[in-house]
Amino acid sequence: MSRARASPPAARTGNVIRDSALGRVPETVEEIIGLNRHVWADSLVGPALLEILRLRNARTVNCVYCRAVRYDVARRDGLTEQKAQMIDDEYRSSALSEREKLAIALADAYLGFPAGVSRDLAAQLAREFSPAQIASMLVALLAFNFTSRTAVAVGGMPEEPLPVVEVSVAAVTGGSSAGA
Amino acid sequence: MAALTSVNLDEHLSKAGLAARSFARLCGTLWHQERLPGDLLELCRLTLARLHADSQEMAALNTELPPSPATAQRRRAVLEGTAGSDPAFSAADRAVLEFTELFWMDAQSIDDAAAEAVTAYHGEAGLVFLIEALGLIDGRIRAARCLRDIAALAGS
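Those protein sequence lines, which keep their order, are chains A and B.
For any residue, its number in our numbering is found by taking its place in the first sequence, counting from 1, and adding 4.
For any residue, its number in our numbering is found by taking its place in the second sequence, counting from 1, and adding 3.
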């Protein structure tokens with residue numbers, strides 16, 4: 005396990021974000037929790053597609069925690085473990101749907117160097133998604149990428165993969181605020 | 004019309020609704036806090052812009068901060084990649100800018116010495132805030148670039 009560079013707050017609130025090292029910055033932590041809540045509740049694409057974006061990001065960033073998590077809302081929306089396992093190097097030839105493959109391609113475009121969308125991908129995205137849905141997927145990617153890179157940079161991450169575990173979205177969007 | 008960059012990204016994401024508004028609020032906190040000087044955070048944005056080789060991002064002006072001659076000189080040094088040897092930068096500034104470069108390469112590549120250098124000047128909470136800020140700013144540059152490409156195609 006890598007060394008943690010910042011310790012979490014002493015008080016426990018039941019929210020995994022607030023109870024992590026991010027809780028050391030009260031002026032941002034409630035906005036981060038709020039962002040997670042809005043991404044899962046108000047995005048313009050479904051939770052299964054969001055989970056595909058999240059898992060693709062987790063794989064690229066190599067956030068061991070994020071890779072192990074499966075959110076309950078995404079499973080209820082149809083993201084089976086079999087599908088989750090298809091989000092790998094061979095995803096283009098997998099049984100994932102065209103929309104799911106395009107979501108992964110968008111994630112790769114965002115995560116790449118240089119970041120950017122090719123002409124072909126832009127045309128395919130425009131055929132399959134509305135501009136508002138593309139913006140919505142980018143907001144979700146921003147949220148997932150920012151939190152996973154924060155987790156990796158703060159340290160304390162196991163080096164070996166963890167077993168897959170289902171987590172309720174409420175764990176990152178709920179809980180009582182510190183001092184409440 | 005201003006180029007689509009991290010500076011004006013929120014207006015282009017707003018069609019995504021509540022999540023976009025929430026994201027904009029979170030990012031707005033970066034420029035109105037006391038953990039790190041705003042002009043230093045702006046230099047982090049320019050460092051990331053240089054590393055992304057994004058000329059439009061490098062040219063963008065952050066309207067959240069008042070312009071100043073001192074900032075202009077430091078801005079040039081960061082964009083030219085000479086901040087490490089420029090006397091206009093303190094050791095505390097350099098610790099933050101070096102951390103920024105490591106973060107950009109790969110969050111896994113950050114070594115303990117780089118993190119400890121930031122913590123020495125800004126404390127543990129300052130380090131966590133810097134990590135959050137870099138993740139948000141770098142993500143904004145990436146998202147702006149994606150949307151810029153998509154918009155260019157739509158307009159062609």
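It should be emphasised that the hints constitute simulated quantities derived from the structure, not laboratory data.
Glycine included, every Cβ here is placed at the ideal spot set by N, Cα and C.
Errors might be hidden in some of the hints.
Claimed, not checked - Stretches of chain A that chain B covers, calculated by requiring three or more beta carbons in the stretch to come under 8 Å of a beta carbon on chain B: (1) 29–37; (2) 48–60; (3) 72–84; (4) 88–102; (5) 109–118; (6) 122–136.
Said to hold, decoys possible - Which stretches of chain B does chain A cover? Using the computed rule of at least three CB atoms under 8 Å from a CB of chain A, they are: (7) 13–23; (8) 42–52; (9) 77–90.
Identify every previously stated hint that the structure contradicts and give their numbers, smallest first.
-> 2, 3, 4, 8, 9
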